[in-house]
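Visitor: Each chain, letter by letter, is given below.
2 protein chains.
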Amino acid sequence: MTKQLSEAEALEVIKSGKVGHLGCVVNGEPYVVPINYIFDGNSIYSHSLPGLKIDAMRAQPRVCLQVEEIENNFRWRSALLYGDYEEIRVPSDRRNVLSKLLVEFPSLTPVESVMAKDAAAPDSIVFRFVIDRITGVAEE
Amino acid sequence: MTKQLSEAEALEVIKSGKVGHLGCVVNGEPYVVPINYIFDGNSIYSHSLPGLKIDAMRAQPRVCLQVEEIENNFRWRSALLYGDYEEIRVPSDRRNVLSKLLVEFPSLTPVESVMAKDAAAPDSIVFRFVIDRITGVAEE
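Taken in order, these protein sequences are the chains called A and B. Numbering-wise (the numbering used here), the first sequence opens with residue 1 and increments by one. Numbering-wise (the numbering used here), the second sequence opens with residue 1 and increments by one.
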């Protein structure tokens, strides 16, 4: 039935995924939202316009990201990683991350494509989670 | 760009979904896991074998469930509901819920199919969340 994934197997799920479900805690309550991400082997990178998600992570930086591969109800893998939210504020670093997101997600909205070229655009918040724990389960 | 859904629109997303991402809080940290569910207009019903998810919700019953409909990166809807975890322990109620889950998810594992017939099976934990708040966002 269900089995635990090794850390290496869970990392594979994270590596091959593009969309995950971010979990954070807002005023003691859970909050879940899907995000696009890229992964460099150590950290998850993503970006967002200002809003509840950013406010939540600024207030309570402990976050998780769940990523799944579902073939069917009997064959799936799900990884869960933990990290702390950090904003990337150095313009060259922001531009670098946004460019990589644009390569991975060519269907970024026009506003986001502009932001990738102009890292000084004030609305875009670029962030990462340095992963410090990773687990996973599978049914195979 | 992104717009808020009305409560009625968010309920539509919940009604037409079958899989959601459950968020709960475990020792102050967020935890996210995909679940199958059914919805009767007021409550979300699901079931699970014992484990971290059940332990977490027993310790901290405040949960959320996020459900999405994604057509593409420019056209999607996502609903988020909140409720409190409650276990369904009356055997006839458990059997009733498990039977409905079995109709909706005919690919339940053999063990779960047996449980649907035998609500006294000790391993199956049947639960619901009575929804008390629902929000949603969309890009259209």
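One or more of the hints may lead you astray.
Since copy identity is lost for identical chains, a pair holds within one copy or between any two.
Here are the simulated lysine to aspartate or glutamate pairs, EDC-like style, with alpha carbons at most 20 Å apart [what the hints assert, rightly or not]:
(1) Lys18 <-> Asp55
(2) Lys15 <-> Asp132
(3) Lys3 <-> Asp123
(4) Lys15 <-> Asp55
(5) Lys18 <-> Glu71
(6) Lys3 <-> Asp55
(7) Lys3 <-> Glu140
(8) Lys18 <-> Glu29
(9) Lys18 <-> Asp123
(10) Lys18 <-> Glu69
(11) Lys100 <-> Asp40
(12) Lys100 <-> Glu9
(13) Lys3 <-> Asp93
(14) Lys100 <-> Glu69
(15) Lys100 <-> Asp123
(16) Lys15 <-> Asp123
(17) Lys3 <-> Glu104
(18) Lys15 <-> Asp84
(19) Lys15 <-> Asp40
(20) Lys3 <-> Glu87
(21) Lys3 <-> Asp84
If you are wondering where the hints come from, they were derived from the structure by calculation, not from laboratory data.
Visitor: Since the copies are identical, ignore which copy is meant and state whether Lys15 and Asp132 lie within 20 Å (CA to CA) inside a copy, between copies, both or neither.
Guide: Classified as within: same-chain Cα gap 16 Å, cross-chain 36 Å, threshold 20 Å.
Visitor: Given identical chains, is Lys100 near Glu69, meaning Cα to Cα at most 20 Å, within a copy, between copies, both, or neither?
Guide: Answer is neither: 23 Å inside a copy and 26 Å across each miss the 20 Å cutoff.
Visitor: One pair to classify: Lys15 and Asp40, alpha carbons no more than 20 Å apart. Within, between, both, or neither?
Guide: within (8 Å within a copy, 37 Å between copies)
Visitor: Classify it for me, Lys3 with Asp55: is the Cα-Cα distance of at most 20 Å met within a copy, between copies, both or neither?
Guide: between (36 Å within a copy, 18 Å between copies)
Visitor: Regarding Lys3 and Asp93, is the shortest C-alpha distance of 20 Å or less found within a copy, between copies, in both, or in neither?
Guide: neither (39 Å within a copy, 30 Å between copies)
Visitor: For Lys3 and Asp84, with the copy left unspecified, which applies at a CA distance of at most 20 Å: within, between, both, or neither?
Guide: neither (27 Å within a copy, 28 Å between copies)
Visitor: If the cutoff is 20 Å on CA atoms, where do Lys18 and Asp123 land: within, between, both or neither? Let me know, please.
Guide: neither (23 Å within a copy, 35 Å between copies)
Visitor: At most 20 Å between alpha carbons: which applies to Lys18 and Asp55, within, between, both or neither?
Guide: Neither: 23 Å inside a copy, 30 Å across copies.
Visitor: How do Lys3 and Glu87 come out at 20 Å by Cα distance, when the copy is not named: within, between, both, or neither?
Guide: Neither: 35 Å inside a copy, 25 Å across copies.
Visitor: With identical chains treated as interchangeable, where does the CA-CA distance between Lys18 and Glu69 reach 20 Å or less: within a copy, between copies, both, or neither?
Guide: Result: close both inside a copy and across copies, 11 Å intra and 16 Å inter.
Visitor: Could you place Lys3 and Glu140 in one of the four classes (within, between, both, neither) given a Cα distance threshold of 20 Å?
Guide: Result: close within a single copy only, 8 Å intra versus 39 Å inter.
Visitor: Up to 20 Å between alpha-carbons, please classify Lys100 paired with Asp123: within, between, both or neither.
Guide: This pair counts as within: shortest intra-copy Cα distance 18 Å, inter-copy 46 Å.
The structure fails hints 1, 4, 8, 9, 12, 13, 14, 16, 17, 20, 21 (numbered hints given earlier, in ascending order).
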